[in-house]
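2 protein chains.
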Amino acid sequence: MSKKLVSLDDAKRILKQKFSAEPVGTEYAPLSEAYQCVLAKDIVAHIDVPSFNRATVDGYAVRAKDTFGADETNPITLKICGRISVGESPRTTVENGSAAEIATGAPIPQGADAVIMLEYTIRKNANVILYRPVSIGENVMKSGSDIRKGVMILKKGQMLSSLEIGVLAALGLAKVEVYKRPKVAIISTGPEIVEPGKPLPSGKIYDINAHTLNAAVLECGGQPFYLGIVPDEADKLEAAIRKALDSADIVITSGGVSAGPRDIIPEILNSLNENGIIIDGIAVKPGKPTTIAIVDKKPIFSLPGHPTSSLLMFHILVRPIIGKMAGKTQEPSPSTKAITVEKMFSEKGRRTFIMVNLSKDKTGRTLTSPVPTGLSGAITTLTKAEGFIEIPENQQFINSGEEVKVYLLKPILALSFIEKGFR
Amino acid sequence: MSKKLVSLDDAKRILKQKFSAEPVGTEYAPLSEAYQCVLAKDIVAHIDVPSFNRATVDGYAVRAKDTFGADETNPITLKICGRISVGESPRTTVENGSAAEIATGAPIPQGADAVIMLEYTIRKNANVILYRPVSIGENVMKSGSDIRKGVMILKKGQMLSSLEIGVLAALGLAKVEVYKRPKVAIISTGPEIVEPGKPLPSGKIYDINAHTLNAAVLECGGQPFYLGIVPDEADKLEAAIRKALDSADIVITSGGVSAGPRDIIPEILNSLNENGIIIDGIAVKPGKPTTIAIVDKKPIFSLPGHPTSSLLMFHILVRPIIGKMAGKTQEPSPSTKAITVEKMFSEKGRRTFIMVNLSKDKTGRTLTSPVPTGLSGAITTLTKAEGFIEIPENQQFINSGEEVKVYLLKPILALSFIEKGFR
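Chains A and B, in that order, give the protein sequences.
Position 8 of the first sequence, counting from 1, maps to 954 under this note's numbering, and the rest follow consecutively.
Position 192 of the second sequence, counting from 1, maps to 1138 under this note's numbering, and the rest follow consecutively.
Because the hints were derived from the structure by calculation, they are not lab data.
Careful: at least some of the hints might be erroneous.
Simulated crosslink set (DMTMM-like; lysine to aspartate or glutamate; CA at most 25 Å straight-line) [as the list claims (entries may be wrong)]:
| # | chain 1 | residue 1 | chain 2 | residue 2 |
| --- | --- | --- | --- | --- |
| 1 | A | LYS1351 | B | ASP1307 |
| 2 | B | LYS1234 | B | GLU1336 |
| 3 | B | LYS1101 | A | GLU1141 |
Going by beta-carbon spacing under 8 Å, a handful of chain A positions derived as facing chain B [unchecked claim]:
| # | residue |
| --- | --- |
| 4 | SER997 |
| 5 | SER1031 |
| 6 | ILE1325 |
| 7 | THR1326 |
Even glycine gets a Cβ: it sits at the ideal position worked out from N, Cα and C.
Using the sequences and the hints given, assemble the complete structure.
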């Protein structure tokens, strides 16, 4: 009955050896749909932005040297030679002794090298009187001063927020090459689980894992699709996994891996591909029965049925793989430091994960305490938890008052908390 | 030409007075589409989870009192009266002197009040021999011990992550009432702007704002729709804004509000609703020409054409409104503290916002410095910025070495940075 478990570090190493997580492909997204996509190519500016010298104020485009010496007592008069509006291509050339009326954002006409602000001028019929000098380049935004043609402005692997999308728009790109989201098939199994929305017969429970995993896949940039609850009969499960492998890049099953008599997932994984199982149990708590196989060069993660175990193993093993396959070069795994308020024990010989909460003490230190429950299957553990800590295999406990690293499950809310003491 | 500007605080106060931001309505989302939706109703558990007492180990369901006194030298023998598998409704009753074989997760049969682990038993034909006693409730997860019927388990206004979706699934809810996303119409105007993807005539620039605002609306929970670039002709702009008001909850325009001769947005807003303009310029830098009107009881935000000004004013004025209309009770506006590395000056009499970067010094302190550019229109300022700081109206500068609050533009990445010194 008892298997030889591998350590979590060995499991990660073996997984990396047997499966190389590469982006699954690229596609073009219009800018309006590019939000939160991952850039698949470096973006090198193919134009200057702006593509012409622009006035940054309303006033007159002039030759700076024509204005030298102008002041309140010795104003200089220039002849108005035209007017340039925003968005226009200037038809005027500014000759010696002349000036062109110009609006903020309009292109500087030929001949001019500066703009004098309206405030320092008075118009008199066809002339303008200047009461100040301007230097060359004054009130002019040079062509290419925002983005210089040829410069690499965004990098492959960057996630596109509103800011990067602005840069793409500035360059006139209506669509952008982004990585495809890896497709992740989700299968639930176990004779006790029932689809939410259906009546609950005696002895059954509703399927939680399919729904938490669906959202967790979205959270890390994958595209989930749910194949439903499959009865734990070998032929049906095998057919479901084969179907999943046909269309998905990654397959996740939950349930059916514990040591009970009807836990048939490992058996099926082996029949799909002899020696396909690369991990058959990990020395962790919770999550011990986690099984990983490679079939058709695709990873199949068989997670335990307990919701907390299942989601924790997803975070630790599956999330980084999805991130890499989605093309992300930075996969932030946000964490914070906190002081433990009670002693926490590990399971002997197993890397132990404990779901925790955060709080602040009067002096502003961040404290952490375990979510009060002894049952790893309890779904409420999950919603109460703000993160988790780990205790290494060779350590029996973490003492009260020790500083630990808390991996955050809800980073944005946690950030507000950390910075403001807000809950 | 020069208008009486209101302070930013007054602008916020007036906006709050004239427009009450309420959720725009609710709808039902299936669990698979509920990720990142905002809960519109408190969730009170209508069932116990689990709905029956469950075995937490493989073994035998027994009456605890039948096991008292059992040990290695004096084992106790019970008669096996049946077998309960996971997902089954037990047909067996455990009488005095009997035990039922039971699997982890299976329901405890009538009569039994504890489970003895398989490890402490030996099966012999129709009997089982116990080598240890168990106490009442041992290895039993009680009905309702995860979620108790009648308890409020999730709160109206909570954003649904994978964790909360797990709770909804546990309760058997296949769909959930969530707030509708407020519809936000986006209009660009200005004679100089051109849609990305089209050729760029001389003197023109590509439209940036429509695309940054589109993504920014998604970021804060709104549903953007883009009405395109509208020529700055009164009748066309008026028609576009009327169309936007027909279908949107909020209208955002950008461009056309500066002091130039062709800045006609304020004029149109007044013609749509006499006295409709509630804010006509704000004492801020950048963002001064920002204009706000209420027409058909809907807010119209007319933002400046400069991308940085426009996005900053969106963050400060529009984002909180969208958040409230999306039903969010917590709208975290993530910030961090940092030490300035250079003196930064304000614009006299105006609340001044400065785009900044973050870095770490050798001692681990977080430092902040302005993004190196003098031009508020520069799109690259945006991508280089990690956040912004504000200098109050009555303050001339922030000294080098002062501690300031940095409002974060990319909270998740910033969190990693803050906690790990990662860039």
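Structure-based check of each hint:
1. A:LYS1351 - B:ASP1307: Holds - the C-alpha atoms of ASP1307 of chain B and LYS1351 of chain A are around 21 Å apart, at most 25 Å.
2. B:LYS1234 - B:GLU1336: Roughly 15 Å separates the two Cα atoms, so the pair holds.
3. B:LYS1101 - A:GLU1141: 23 Å, holds
4. SER997: 6 Å, holds
5. SER1031: 7 Å, holds
6. ILE1325: 4 Å, holds
7. THR1326: Constraint on THR1326 of chain A satisfied, holds at 6 Å.
Violated hints for the displayed structure: none, as all numbered hints are satisfied.
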